[in-house]
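Chains as they are written, first to last, in this note's numbering: chain A, 74 to 347; chain B, 32 to 274.
Please note: incorrect hints may appear among the correct ones.
As the list claims (entries may be wrong) - Think about it this way: if two alpha-carbon atoms lie no more than 30 Å apart in a straight line, the pair counts; the simulated DSSO-like pairs of lysine-lysine are: (1) B/Lys-160 / A/Lys-319; (2) B/Lys-215 / A/Lys-228; (3) B/Lys-160 / B/Lys-220; (4) A/Lys-294 / B/Lys-160; (5) A/Lys-228 / A/Lys-144; (6) A/Lys-319 / B/Lys-78; (7) A/Lys-114 / B/Lys-160; (8) A/Lys-340 / B/Lys-78; (9) B/Lys-226 / A/Lys-285; (10) B/Lys-78 / A/Lys-144; (11) A/Lys-285 / B/Lys-250.
To be verified - Here are a few chain B residues that face chain A, going by a calculated C-beta distance under 10 Å: (12) His-62; (13) Ser-69; (14) Leu-82; (15) Gly-156; (16) Ala-159; (17) Lys-160; (18) Arg-186; (19) Ser-205; (20) Leu-218; (21) His-247; (22) Pro-249; (23) Leu-252.
Honestly, the hints are just simulated from the structure, not real lab data.
Positions of the beta carbon are idealized from the N, C-alpha and C atoms, including for glycine.
Take a look at the letters that make up each chain.
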Amino acid sequence: MNGFISFVLFPSNSKAAFLASKVEDATADVRALEEATRHLKAHVTVDEIIASELYLLEGIHSDLMCFHPYKTLFGYSEDLRTYLRSKVGRDAISFSSSDRGKDANIMVSGEDLRPIHEEAWRIVEDACVSDIPLLYTPGQIGIAAMILANDELEKSRDEEQITAAAADKEEQLKTMEKSSFPRIDLRRYLTNRFRHGRTEKEQEELRIQIAKLTVMLGQLKSGDFGCGNFANLDMSAIRAVHKKLKRCKAWGEQEILKVDTKKKNKKRKLDQEE
Amino acid sequence: MRSQGRHTFLIQKGHYSRTYRTMCDYIESSHLREWLFSPELLDQCRKLANLRARRFLARSTNPSIQSGKEHSTVVSDNLNPSSATPSIQQAPTTSSSTKTNNTGPAVGGTTPTRSLLPVEYFAAGYAAKRFKLGIGNEEELDTDNDELWTSSPERGSRPLLSSDEEQLLIQFYSGRISCLIGPKADLPKCRRDIKVTATAALLFRRFYLSNSVMIHDPKALIVAVSYGCLFLTRCWLLIVDPM
Chain A
74 MNGFISFVLF
84 PSNSKAAFLA
94 SKVEDATADV
104 RALEEATRHL
114 KAHVTVDEII
124 ASELYLLEGI
134 HSDLMCFHPY
144 KTLFGYSEDL
154 RTYLRSKVGR
164 DAISFSSSDR
174 GKDANIMVSG
184 EDLRPIHEEA
194 WRIVEDACVS
204 DIPLLYTPGQ
214 IGIAAMILAN
224 DELEKSRDEE
234 QITAAAADKE
244 EQLKTMEKSS
254 FPRIDLRRYL
264 TNRFRHGRTE
274 KEQEELRIQI
284 AKLTVMLGQL
294 KSGDFGCGNF
304 ANLDMSAIRA
314 VHKKLKRCKA
324 WGEQEILKVD
334 TKKKNKKRKL
344 DQEE
Chain B
32 MRSQGRHTFL
42 IQKGHYSRTY
52 RTMCDYIESS
62 HLREWLFSPE
72 LLDQCRKLAN
82 LRARRFLARS
92 TNPSIQSGKE
102 HSTVVSDNLN
112 PSSATPSIQQ
122 APTTSSSTKT
132 NNTGPAVGGT
142 TPTRSLLPVE
152 YFAAGYAAKR
162 FKLGIGNEEE
172 LDTDNDELWT
182 SSPERGSRPL
192 LSSDEEQLLI
202 QFYSGRISCL
212 IGPKADLPKC
222 RRDIKVTATA
232 ALLFRRFYLS
242 NSVMIHDPKA
252 LIVAVSYGCL
262 FLTRCWLLIV
272 DPM
């Protein structure tokens, strides 16, 4: 389970940092990004990008090291597959179909875990653009995302079965039973798998922490914890704040200065002509 | 939850030797050591960044008025004692034209000097300093008063943003990063792996823990952070000097 990291070592001089970043081949032209901003109708020039890059490096204290929960999802999926084959792990599985559930030798395959993995991936995508990575570690976010994904999948499948039964769709019910999905108790997996080396109190704290994080991840859809991935942001409020920012901002002062000086020069010329 | 695949190898040349370790362990990383907060500390960092920005805008003079004269940028009163260097840099006084940071050569004969915008980084290791060393900024936050909610008269006495209003903008802009760079980018040329988007979003948020949108343009920052993250898609070597 290797988290991806990148670390650049450079002297305190920010110009050297910028130079150091040029040592490695750029994977995209800065002009492509400029074009992208033009496409988004929010043009940012190359000069502004490069100047902001220096501010950015200073503002994050030249610390570019980041770990993300994506790799942890792969790790958990692999570990879960191995765990569910063990004697202890089999107790955490139950199948929705009565036929499949009778045979104790049927194992959970990678394909059975794929829907959980994909749904957890989507949850982590939303978490990564929120405050969650500043509050919890990537491992905690990964497992909480998997627990939430599992709960949501079970809920949606149960609802499908209820609606199919209510509509008296026997054929649909039969096909759903044939392609039965495993019900995995991920909370039991969390308790059993991370029990070693922890006291009862620590295990309880971990359970509470992950439960709290699972709830927080579920609230990301409503834009909580600074998640900007959803279209339900109050755009009128954002426009009002933007308007206020335009009047009080410190950046872009030189542009105002240029305009003022041009006006003065024009006025001087007109006075001279008169 | 330790990461695996850690390799160590020694390179020796004469008296000079260095140990190279690939794939930095998360437990020893600065991500864990310096960039994890509680919700209260996160809120405190943001309020402090907002307060310092409001102080700068309320007390500093507009450089356009100071043309030809000695520049008199007000340095922030309470510098974080843990900061290595002062946050505001004072530009040298000169009456000749000077090349500025963002734009081209300055316009006009007597060009006013322009100070660099203040950049802070107190959020790095804030939680550790708060709990281990007892260094906090509660006193600085307590001195917040109503006078600092409008900019200086030279800047037009405009109302300034609060911390909550800044967060609204940061939330909006961090959602835009995925449109700029990543697998769902609008422009096909800018489509990259999802980890680029995740790194860009995280670095963007880290920057604005110590700084304010009133001082640094968030639009330019999201592009800069996307550009910077394109260099960070591969794993680098962590150099550990045993000496």
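Structure versus earlier hints - violations, ascending order: Numbers 1, 3, 4, 7, 8, 10, 11, 14, 16, 17 - these are the hints that the structure violates, sorted from lowest upward.
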